[in-house]
Each structure stands twice: as structure tokens, then as C-alpha cells.
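Required output: the full structure, derived from the provided sequences and hints.
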Amino acid sequence: MMFTKNPYLLALLGGALFALAYRVPGAWFVSFVALIPLLMASREVRSAREAFFAGTLAGIAIMGTGCSWFFAAYPLPTVFGVTNSLFGLTFIIFSWTLVTLSTAVCVGFWMMLVRLLRLEYVLDGLAVAVLWPAFEYLRMFTFNALTFAQGIHNPLFFTAGFSAVPLIDNESWRQVVAYGGLPMLAFLLALANVLIYGALRTKQQRLSSFQLAGICAVLIIVSVLPTVALRQMMDPNRSKEAPVTVALLSSWAPDTGGRTLQDDALTITNGQFVRHAVTEHADIVLMPEDSHLLTPFSLDTLGSFTGTTTNSVFIDSGLIKTSGGLRFVRAYADTITGDYGLRDKLVLTPQGEYLPFFFKLLLQTLGATKEEERFTTNRNYGNGIGHGSIATAGNARASVLFCLEVMMPRLGVSVKKEQGANILLVPASHGWFQPSVSLEHDIIRFSQLQAVESGLPLASSVIHGPAFAMDKYGRLITSINTPGVTTETLVTVPVIPTK
Amino acid sequence: MSRTMFVEVILVRVISVIITIAVALILPFKLMAFTVIVLGQGHFLLAYWYQAEAGKLDGRKIALLSGGFSFLLWLVLLVPVSYYNFITGAGFLLHFALDEGRLLNKKHSVYTALEALPFMLIYGAMIAEGYLSLHILPYMAGLSVLAIICYVVLCVRNKRAPTTTSYAFFSWAVLSIILYFLAQKFVPGYAIMWFWGLILVHYLIWYAVYWFKLSERTEQKPQRTEYIWRVVALNLALVFLAVLYLLNVIPLLDLLFGVGAFNVWTLMHGFSSIRPKELRDLFRIQ
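Order-wise, the sequence lines are chains A and B. Counting from 1, one number per residue, gives the positions in the first sequence under our numbering. Counting from 1, one number per residue, gives the positions in the second sequence under our numbering.
The hints are simulated quantities; they were obtained by calculation from the structure and are not laboratory data. The reader is advised that the hints may include incorrect statements.
[What the hints assert, rightly or not] Distance windows between CB atoms, simulated:
1) A:THR392 with B:ASP99: 54 to 62 Å
2) B:VAL243 with A:THR392: 39 to 47 Å
3) B:ASP254 with A:VAL222: 56 to 64 Å
4) B:ASP254 with A:ARG118: 26 to 34 Å
5) A:LYS5 with B:ASP99: 41 to 49 Å
6) B:ILE26 with A:ARG374: 51 to 59 Å
7) A:SER239 with B:LEU182: 37 to 45 Å
8) A:ARG118 with B:ASP99: 23 to 31 Å
9) B:VAL259 with A:LEU490: 43 to 51 Å
[What the hints assert, rightly or not] Covered stretches of chain B (in silico footprint by chain A; criterion: 3 or more residues with CB under 8 Å from a CB of chain A, positions within the stretch not fixed):
10) 59-65
11) 70-83
No residue lacks a Cβ here, since even glycine has one placed at the ideal position from N, Cα and C.
Put into C-alpha cells, the structure is as follows:
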């Protein structure tokens with residue numbers, strides 16, 4: 001059988017092209033043709049079942065790549081006292097397989113519908129392009145169903161592996177996100193694929209060449225268009241921009257010495273960082289997630305810690321236990337006069353690197369009651385406050401997004417709307433991960449997505465990863481990361497002062 | 001007027017309006033709106049069911065409707081809620097008018113279009129006021145008068161007597177004005193309630209008329225029993241799901257019973273029931 005007639009091979013090729021675009025830096029343009037083999041496969045399948053399996057095969061390639069950073073996670077069983085490393089690795093493979101399969105079926109469902117459409121009609125072509133992002137969003141639902149665990153808040157957020165994410169790497173295409181979010185970008189991407197596929201199918205060779213040349217010209221022009229400059233020209237608030245200085249930290253614990261010594265070392269370097277930042281008169285001192293350097297809501301204020309009078313605002317976060325026994329991961333602002341809570345983390349489900357329900361089941365089956373108890377205690381979080389207070393410092397009105405919350409579509413938009421923020425701060429921790437290039441790349445892309453979508457600059461401090469700041473167009477202002485070495489920087493970010 | 005016509009045309013509509021007013025008086029507005037949403041899903045599902053049975057819902061149409069659904073759902077995120085509500089309201093008015101014309105007159109023409117226009121303009125003004133705070137009722141009333149004049153001139157020129165459709169649409173328009181002002185007087189801020197009421201009226205009329213349609217064919221008694229079972233079972237199932245939704249057991253049910261999703265389902269229902277020929281007929285003198 002010819003390769004172009006085999007739906008499974010075509011589907012696999014489509015999935016591989018998406019994976020290539022997703023993981024290879026600079027290969028974002030491959031996305032514009034990655035869907036074509038899938039469309040071809042949809043014409044070759046002979047039944048709904050075949051369409052489903054071919055689509056799922058492509059989905060496995062797409063999602064398997066999107067979740068590849070699962071393998072950089074420290075095996076959870078080890079963290080919870082089950083020291084058998086083989087068991088840990090098995091569980092990561094199990095998690096990755098299950099998440100990949102459960103989300104991959106959505107591509108299968110998409111192909112089942114596409115098979116029913118007649119791609120020579122405009123309306124049908126539009127339906128294909130609209131259904132593609134719709135079924136990508138459906139993956140968030142299947143992920144949530146899979147990672148469900150009683151007592152753990154689990155909003156829809158899992159955008160890993162989404163086809164439009166690679167386009168974030170291109171400055172021009174990234175700006176599209178401001179006018180319709182990730183679905184708009186995915187829709188345009190799918191539409192470009194449908195149009196190219198349509199041109200390839202045109203029987204008149206001359207017309208086909210014209211169509212192809214036209215589509216390629218449009219794609220190239222948009223890719224190199226100075227979109228940011230155009231947006232800046234149209235921005236009525238541009239002249240009102242004012243600076244905010246933010247101190248950022250990329251924190252690395254020493255490799256050896258055990259957990260207590262690592263924590264002590266981190267506390268010392270974090271303390272030094274805060275003292276430097278205050279001396280440099282930073283408006284905001286942003287700590288990585290869960291640093292808990294100062295004890296929140298006590299007399300332990302920034303002034304007493306640094307021993308100096310300062311206008312800086314210190315943003316930290318950590319686990320808070322209420323008197324009722326509820327547990328939240330809360331961000332708080334600490335000033336010279338006192339401290340106040342900012343926002344509680346929404347995305348609390350362990351990020352797919354393991355599955356809470358299955359993990360507990362496994363511990364129960366193994367009779368590991370002590371570990372199970374510890375797991376339940378440590379992972380049982382409340383919903384917390386979605387939108388609490390805002391931190392004000394100098395020209396900044398800052399809202400906080402935690403770590404992988406940047407993957408949650410429109411969270412920045414929602415926080416901006418609710419709190420009236422003019423800058424987003426992201427305390428993050430990759431402390432559960434070994435250094436992972438793919439994870440770091442993803443985090444920067446998703447942060448860029450939040451920045452452009454909300455129209456706000458964004459700054460992030462991280463444990464075991466890159467600290468960075470970007471403007472509201474998602475352009476990196478600075479990025480620091482030397483694996484194994486703690487580094488800090490002071491960056492000036494332009495914001496629009498608001499009341 | 002024959003007894004059948006009295007029952008199937010006038011009585012069905014009068015009883016539907018009375019039931020709706022009773023529901024509006026008994027239930028608080030939010031619960032009434034939620035009832036409309038729950039019963040609406042039953043109405044939509046049954047409509048798709050019968051379309052499928054009649055062979056009018058093939059695979060391609062399902063795929064296109066899925067695309068349309070996704071697109072409209074996406075718009076929920078982008079378009080301000082009040083605008084979306086208004087667009088849905090306008091879409092529902094068109095659907096209601098087309099359906100009424102179809103049920104009463106069997107076919108459409110420029111006459112049915114002009115008959116329905118005053119009703120649509122006045123309701124349009126009501127929902128514009130309710131959702132967009134636009135006070136355009138006087139202008140729409142003026143346009144309605146213009147539409148009536150055009151209708152009269154056309155009827156006189158073509159020697160056409162008013163039909164059941166004419167009386168029905170003018171009655172809807174007059175009734176809507178009365179109920180709108182009553183609602184404004186007694187429940188200020190909730191005048192939009194009557195618009196939701198009209199949606200409920202539409203469901204009730206549809207259920208009754210479909211029953212009569214099956215009754216006309218005496219040999220189809222088993223179908224009537226099946227029809228009742230379907231209506232009851234489907235609505236009970238939806239009520240059960242609605243309870244789960246209210247208890248927040250299954251968040252995904254927001255896609256069925258959330259106001260945003262209901263707007264999408266309503267528009268989808270409207271699109272899926274449009275017959276292109278009918279739209280063309282609206283501009284033809286027949």
C-alpha cells in the first residue's frame with residue numbers, strides 16, 4: 001500500500017510533525033503543515049473506528065511529546081518514602097502513558113468528525129479549523145477527569161501539547177493571542193493547514209501553484225511583520241508607561257547534603273538576595289514559590305528582617321494552615337509596616353507527573369499505610385481565594401500567578417479584570433524536577449502567552465530554573481539561569497500606572 | 001372557525017401563556033430562568049431526535065453543527081455577556097417567528113414576514129433594553145406601524161384577507177407590549193422576565209402542536225405513546241442532571257445548564273431548524 005493511502009502512517013507523520021514543531025526550538029513553522037497528513041488520513045479511513053484509532057495514534061505522538069517533562073520529575077514514591085527507584089520509574093511511565101492516552105483520544109474524536117465532512121466546501125473547511133481547537137480544549141477535561149482526587153481542587157488548565165503553543169515562539173504570531181487567546185491561534189493554524197491541503201488537492205496545477213504561493217506569502221508576511229511595532233503605534237497608553245524595578249532570583253540548592261542542609265543553604269542565599277534587593281531599592285522583591293523566608297502574618301516584617309527602612313515590597317509564598325485545618329498555598333506581600341495575603345494557588349493537582357487517585361490506590365494495594373497517610377496530609381489542599389488582594393509598590397499593582405498556573409488559559413486576563421493589575425508576578429518552583437530544557441521552554445512560552453493575552457508585563461522568580469521578565473508583548477527583557485548556581489538580577493519593567 | 005382550529009391554534013397558545021404567567025408568578029426570576037434552561041435542553045434534544053428520525057441529520061450535518069457549537073462556545077469567552085444575550089435573544093425571535101409561521105400557515109411569504117415584523121421589533125426593543133440598556137422601544141414601535149401599513153397596502157393591492165398567522169402575530173405583539181409594561185410596573189428591573197416567558201411559551205406550543213400532528217394520523221397511536229414517553233423521560237433525566245448541576249456534583253454540566261452554554265444551544269437549535277427555502281420565501285409574494 002502506498003504511504004499516502006495508509007491512514008495510520010499518515011496520522012503518525014502528522015503527530016511527528018506536531019511533535020517536531022513543539023519540541024525543536026525554531027521549528028514552529030512546521031505546525032502550518034503538520035495537520036495536512038491528518039486531513040489526508042481522514043480521507044483514507046474506511047470507518048469511524050479506523051478514524052478514531054488513526055487520530056488517537058497522532059494524539060499519542062502529540063501529547064507524548066507535550067508531556068515529555070514528566071520524565072524529569074523526581075519519582076513521587078521516593079518523595080513519600082517509597083525508596084525503590086524501579087517502582088518510582090514505573091510509576092512515572094504509568095502516569096505519562098495514562099495522561100498521554102487519555103488526552104490523545106480527543107484527536108481520535110476530532111478525526112471521526114472530520115471524516116464526515118466534505119473538505120471541498122468552504123463551510124466544512126471552516127468546521128475542521130474550528131473543531132481542532134475545540135478538541136484541544138476537550139483534552140483539558142479528560143486530563144481533569146484522569147487526575148481527579150477527592151479534596152484536591154482541580155480547575156481546567158492542562159494546555160500542554162496544544163498545537164498553537166510553538167507559534168508563541170514567533171513574535172508576530174504571538175500577538176494574535178491578544179485577540180482571541182490560544183484558540184484563535186490554533187484556529188488560524190488549522191485554517192492555514194486546511195487551505196494548503198485544499199490547494200494541494202486542486203486538480204488544475206496552475207491554480208494549485210497560485211493558491212499555494214498565495215497562502216505561503218500570507219504566512220511569511222505575518223511571520224515577519226513588525227506586529228509589536230504596529231501594536232505599540234496603536235496603543236494609546238504607550239506614553240504613560242512608567243518603570244517598576246523587580247528583583248528576581250533563580251535559586252539552586254546544592255546537589256548534596258540532604259534535604260535539611262539544602263533548605264538551610266537556600267534560606268541563606270534567599271536572605272542575601274533580599275538584603276541586596278532592598279539595598280538596590282527594588283520596588284518589588286519576588287521570591288520563588290514556597291520560599292517562606294519570612295513567617296507571614298506575624299511581626300516578622302521586611303524591615304525587621306533587613307534591619308533597614310525600605311519602600312520595597314517583598315512577595316513570597318508558602319503553605320498556610322488555617323485554624324480549621326485547611327491548607328492553602330498562599331502568596332503574601334510583606335512590607336516594612338506589615339504583611340497581607342494576595343492570592344491562593346488554584347491549580348493544586350499534582351501536575352500530571354503522577355496521578356493522585358492511582359497513586360493512593362497503589363499505596364493501599366501495597367499496604368504502605370504510613371506513606372499513604374503522609375500523602376493524604378501533604379496533598380490535601382483547599383480551594384483558597386481565587387482573587388484576593390493586590391500588591392502595590394511604586395508604580396506597580398501586582399497580581400500573582402503561581403508556577404504552572406501560567407498554563408491555565410485566560411487566568412492572567414481574569415486576574416487583571418478582578419484585581420486591576422498592571423503587572424503579573426510568577427513565583428515558581430521546579431524543585432520537584434531535574435533540570436529539563438523542555439519544561440523551561442514551555443514555562444517561558446506559557447508565560448509569554450499570559451503576558452500577551454492579558455496585555456501585562458510579567459516577571460518570574462524560580463527555584464531550579466530560569467528567572468525572567470518580559471514586557472506585555474511577551475518579549476524577554478531579561479532571563480537568568482545558571483544550573484547549579486543561584487543568580488539574581490534587578491530588572492526594570494515598563495507598566496501603565498493605574499489607580 | 002372549526003373546533004380543531006380553535007383548539008390547535010388559539011387554545012394551545014392561550015393555555016401556554018397562562019401556564020407561563022403562573023410559572024413567572026410562582027417562581028423567583030432566577031429559578032424561572034433555570035427552569036427555561038432545563039426544559040430548553042429537552043426541547044433541543046427532541047428536535048434533534050426527530051430530525052435524525054426524519055433523515056435530516058446526517059453525519060456531515062452533525063460535524064458541521066459540532067463546529068458551529070465550538071465556534072459559538074468560543075465566542076462566549078470573547079463577546080461581553082450582555083451582547084451575547086442580546087444576539088441569542090434576536091436569534092430566538094427569528095426562530096420563534098419562523099416556527100410560528102410554519103405551524104400556523106405551513107408556508108412563508110412576504111406577508112408572514114410583515115406580519116411577524118412588528119412582533120419581532122417590539123421584542124427586539126425589549127431585549128435591547130433588558131440586556132443593553134438601549135431605550136429604542138418608541139422607534140421600534142414606529143417601525144412596526146410602518147410594517148403594518150406596508151402589509152395593509154400589499155393586502156389591499158393583492159386582495160388578500162388576513163389569516164390565522166396575521167392574527168397570531170399581531171396578538172403576540174400586543175400581548176408583549178401589555179406584559180412588558182405590567183412587568184416594568186410590578187417588577188422593575190425584571191421586565192426581561194417576559195422574554196424568558198416567551199421561550200417557555202414556545203416549548204409548550206411545540207410540545208402541543210407535535211402531539212396534534214401525531215393525532216391527525218390516527219394510525220399512529222403507538223407513536224403518540226412513544227412521544228409522551230420520550231418527552232417525559234427526557235425531561236425527567238434533564239431535571240435529574242439539573243439537580244446534580246445545582247449541587248455542583250459534575251462541573252461539566254455547566255455546558256448544558258450554564259447561561260452562556262444555553263445561549264449557544266439556543267443559537268444552535270435556531271440554526272439547525274432553519275430551512276433555506278423558507279428564508280427565500282420570506283421575500284416572495286405568494
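Okay, the hints, checked on the actual structure:
no.	hint	verdict
1	A:THR392 with B:ASP99: 54 to 62 Å	56 Å, holds
2	B:VAL243 with A:THR392: 39 to 47 Å	44 Å, holds
3	B:ASP254 with A:VAL222: 56 to 64 Å	35 Å, violated
4	B:ASP254 with A:ARG118: 26 to 34 Å	33 Å, holds
5	A:LYS5 with B:ASP99: 41 to 49 Å	47 Å, holds
6	B:ILE26 with A:ARG374: 51 to 59 Å	54 Å, holds
7	A:SER239 with B:LEU182: 37 to 45 Å	53 Å, violated
8	A:ARG118 with B:ASP99: 23 to 31 Å	29 Å, holds
9	B:VAL259 with A:LEU490: 43 to 51 Å	47 Å, holds
10	59-65	holds (count 5)
11	70-83	holds (count 6)
Checked against the numbered hints listed earlier, the structure breaks hints 3, 7; every other hint is satisfied.
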